[in-house]
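Peer 1: Sequence:
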Amino acid sequence: MKRYHMSDLQDGPPPQATLIHEYQDDFEWLRVCETQDPHLKLLYFEDSLHGALDCNEPGTPVLSYVALYLGYLRRRGVTPQTMLMGGLGGCGFWHAANAFWPNLDRTCIEINGRVIDLARAHFQLEADAAVIEDDLRHGLASRDFAPIDVMLCDCYGAIDLPPHLMTHEFMALIKTRLSPRGFAAFNLADEEANAVLGFQLRTLLAVFGRVALLRDPEAANVAAIVCRDPQAVVTEEVHWQNTLYVAQVLDENSTSLPAFVAEAEVLTDENLADTLDQFGLCC
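Position one of the sequence shown corresponds to residue 102 (the working numbering), numbered consecutively onward.
In short, the hints are calculated from the structure, not lab data.
Think about it this way: if two alpha-carbon atoms lie no more than 25 angstroms apart in a straight line, the pair counts; the simulated SDA-like pairs of lysine to any residue are:
#1 K276 - G178
#2 K276 - N204
#3 K276 - D352
#4 K276 - I212
#5 K276 - Q349
#6 K276 - V308
#7 K276 - L266
#8 K276 - A242
#9 K276 - A365
#10 K276 - N372
#11 K276 - H239
#12 K276 - L358
#13 K276 - L262
#14 K276 - R175
#15 K276 - R244
#16 K276 - T369
#17 K276 - V367
#18 K276 - A290
#19 K276 - L377
#20 K276 - D291
#21 K276 - A247
#22 K276 - A307
Start from the sequences and build out the full structure, keeping to the hints where you can.
Peer 2: Here it is in structure tokens:
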């Protein structure tokens, strides 16, 4: 059986994939594709991969950032009671977290109702799953949640993370919703594909004090992991698919931050538009 790496999937369906659903809304195409060996379901916005599920073993991560974040949490000895996902995608994190912690109280906020429908039709989302159709920032600000032990922010559109989910104000909101030892992770595009990664990391540091980075060198993603208690963010080794990944820890008080982080500004609601405009991006 072939084992796909994320780099085989992230820029469009593999040649042997079958298109089983497509829909064009006002902004982009949504497509669901399927492979048979292994039996995967894949969710694409345009040609950008937004989710993958092993249909035979849904609790086994397909995407590296899912495996690395969960692996990091297990290495830290985290035993969460509550989880919040921002962005449902192909339910990979949803099912893998349940396999790791079967009694986990899981909730997801997903802005796109069609993604929720596709998750139920193609990605084994349970009929009674606690999925809220809302913007993540609005949902966090306006709804009551129990303190969150584990959170994943994975809210990409076809091109990028929504800008209002990059700012100091949003990160501070997340921090208030985490339990005292609650962890959050952000699936970010890595530096080569993301002109504002340094700004995103600088903003996380300003709010949380420390950030652990787990990179898959063959994919264009980095898992940026924070905790309400910064002392809980340490270097860990995570094994996945016969490869060792070592978390890089950035500290707000360090004098040796990478230059692209040290020279970046903290993103705020006020400076966001002007900062993005410097890179030809828009809010």
